[in-house]
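If you read the sequences in order, they're chains A and B.
Just so you know, we're using the numbering used here here: the first sequence kicks off at 1 and counts up by one.
Just so you know, we're using the numbering used here here: the second sequence kicks off at 320 and counts up by one.
Check before you lean on any hint, since a few could be wrong.
Straight line, CA to CA, 30 Å or less: simulated DSS-like cross-link-like pairs of lysine-lysine [claimed, not checked]: (1) A:123 <-> A:224; (2) B:598 <-> A:123; (3) A:84 <-> A:123; (4) A:67 <-> A:84; (5) A:48 <-> A:123; (6) B:598 <-> A:184; (7) A:160 <-> B:353; (8) A:48 <-> A:67; (9) A:224 <-> A:234.
Coverage of chain A stretches by chain B, computed from C-beta distances (three or more under 8 Å per stretch; other residues unrestricted) [to be verified]: (10) 131-142; (11) 184-191; (12) 238-250; (13) 285-299.
If you are wondering where the hints come from, they were derived from the structure by calculation, not from laboratory data.
Positions of the beta carbon are idealized from the N, C-alpha and C atoms, including for glycine.
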Amino acid sequence: MWSYIARRAVQALFTLMIITVLCFLLTRFSGDPIAQYAANPRMSAEDKAALRERLGLNQPLPVQYFKWLGLAVQGDLGQSFFAKQPVSEMIAQRLPNTLILMFTTEIITVSIALLLGIISAVKQYSAVDNIITSFSFIGYSIPIFFSALGLMLIFAVQFKEWGLPYLPTGAAVWDKKDPVEYIKNLILPVSALVIVQTAGYSRFVRTSMLEVLGLDYVRTARAKGLTSRVVLFKHALRNAALPLVTIVGLDIPFLLGGAIVTESVYSWPGMGRLFWEYAQRSDYPVVLGILLIVSTAVVAFTIITDVLYTFVDPRIRLS
Amino acid sequence: MTTDIATLGTPSFGGESAEQALTPGQLIWRRFRKHRMALLGMIGFCILLLFIIIGSLLVNEERANAVDLQGRLSPPSEVHWMGTDSTGRDIFARIIHGGQISLVVGVLSVFLSVSLGTLIGGIAAYYGGWVDSLLMRFTEAMLSIPSLFLLIVLGKFLGRDIQTFTIFGQTFSGSVAIVIFVIGVTSWMFLARIVRANVLSLRELDYISVSKSLGASDMRIFFRHLIPNTMGAIIVSTTLGLAGAILLEAYVSFLGLGIQPPTASWGNMLTAAQTFIQKGSWWMWVFPSIFIVATILCINLIGDGLRDAFDPRSTRHL
């Protein structure tokens, strides 16, 4: 067990090294941060050279990389060229908003998916099952901006026009005095994400539930005379929901950053939008910082999920 | 059907015993045909293709890019079936030409990603050792960076100076080539893993060692024996990858980094819709979205049917 974790950790470190080199090279070449001053008539060529010198942009690439890596390991991700603020501070400001958005989405998604998946599996090939399956197929093919813009059009724009109570689409800032406003702002982005996410999850629950329901121990439980509710929720669901641990565990880090589109449609002040705004300005310390955090989370969660799985399912042996 | 004693036990190649002598291709087609949803997807996709092909013959690209500031943001009418956008361009015409771009981008980038995935996965498994671990760590690294992030950074990286170019008498914005490249190099990883796993198990089989002892070159074994045997996985992931690529194109173009106007794509038509939706221009959102969702849905249905058809364990459709 421990040797397995150790081996995985060494592999992960190697993977992380490749990720940092890849991200560093890509962001470093993705545009000249000095270029935005090009139009400024008060900046002379000497000023620009001096700025380049000060930001360390004139040093050889390997030197820049190792300097950045050395500081990043200690938690210092450098300073934003544009905001003149430490990157770690900027991310720390935005991260809570993204986490709230993601965890709310994930909790609602998993609950709905479990419900739909179980109904669909228990009533296999019935009208209800066919409807759920068709909708999950459609949901699976919906891009997030479709649901985000659609919900906005209906519940924010049209409802306002029709004089109904409408939902806000503006940026939310957490304010202790007015938590209701914050929650109201959360409704539309969360719903947009839930619509898209639930589809895949519920199909997954349906498949694994069907598999488990066909097993002998479920038949035994039924033969013992247990009520179908007990068989379903105490016996079948426990095993059927296990693979969901893997799916959710692997999805969470992607959700961390995957909200670029949702956050930019709803001007939600999260990390995805921060990334998008600063990528457009070629502010590479910010871009690099976010890339590093998100991909480290992905790598870490992969290992955590694998190990966690052996605890919830003792049949799996790590080797 | 008459069977007399004399022909029993000997293989007959007559029409009546065709049931027993199906080629793998026929078997797969037979299973696919029984998959109602997949057939529905296939029909839907053909209609979409016909719409785009016939449409682009009837409506030329100038019409799709013609700006009419007087008639901007007009709702659907007899002149403009799907209304006009913020600069008065006809949405119906733009959907036809945008669809062309979206499909071209989808097909070419999938071609790129499938070639990359097959090669990298195949080489890693065939050579093994340090080549394998290096390539697989690289694959893992690429998989760990969420693809939209990678797309944005790569798009910025390559999109600094965009030129236009001409193929088949049509002028494309250079952004089309960049988007194809970027999607291609960011979506080969899953296939690489599948191909690697398949080749790893095939490599140990007798017929490969026989070919080797007969003196077949690595290239021949790789392309004649190993790759054809993983074709099922490759075809399925090509189909599902096409849906993914069209979606990714829509995402990057929606964010403004992909296909650049005036060239239309379903994704960049929605960029402007985002601003004007607040003012109630629903048609700018509805029509491109419907086409994206319908296309992705049809392709996913086909892919799902193909997956079942290629799965040797699935016999329930026979």
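Evaluation of the provided hints:
Only pairs whose Cα atoms come within 30 Å are accepted, and residue 123 of chain A paired with residue 224 of chain A is accepted, the gap being roughly 22 Å. Proposed proximity of residue 598 of chain B and residue 123 of chain A is contradicted: the alpha carbons are some 44 Å apart, above 30 Å. Pair hint residue 84 of chain A plus residue 123 of chain A does not hold up; C-alpha atoms about 59 Å apart against a cutoff of 30 Å. Taking the CA atoms of residue 67 of chain A and residue 84 of chain A, the gap is near 19 Å; set against the 30 Å cutoff, the hint holds.
For a cut-off of 30 Å, the pair hint linking residue 48 of chain A to residue 123 of chain A is broken: about 69 Å separates their Cα positions. Proximity of residue 598 of chain B to residue 184 of chain A is assessed by CA-CA distance (about 21 Å); at most 30 Å being required, the pair is judged to hold. Only pairs whose Cα atoms come within 30 Å are accepted, and residue 160 of chain A paired with residue 353 of chain B is rejected, the gap being roughly 48 Å. Note on residue 48 of chain A and residue 67 of chain A: the hinted pairing holds, with a Cα-Cα distance of about 22 Å set against a maximum of 30 Å.
Restraint check for residue 224 of chain A and residue 234 of chain A: satisfied, since their Cα atoms lie roughly 14 Å apart, inside the 30 Å limit. Coverage of the region 131-142 of chain A by chain B holds in this model, with 5 residues showing a Cβ closer than 8 Å to a Cβ of that chain against a need of three. Chain B is given as covering the region 184-191 of chain A, and this is violated because 0 residues of the stretch bring a CB closer than 8 Å to a CB of that chain, at least three being needed. Coverage of the region 238-250 of chain A by chain B is violated in this model, with 0 residues showing a Cβ closer than 8 Å to a Cβ of that chain against a need of three.
Using a Cβ-Cβ cut-off of 8 Å, 7 residues of the region 285-299 of chain A lie near chain B, which meets the minimum of three, so the contact claim holds.
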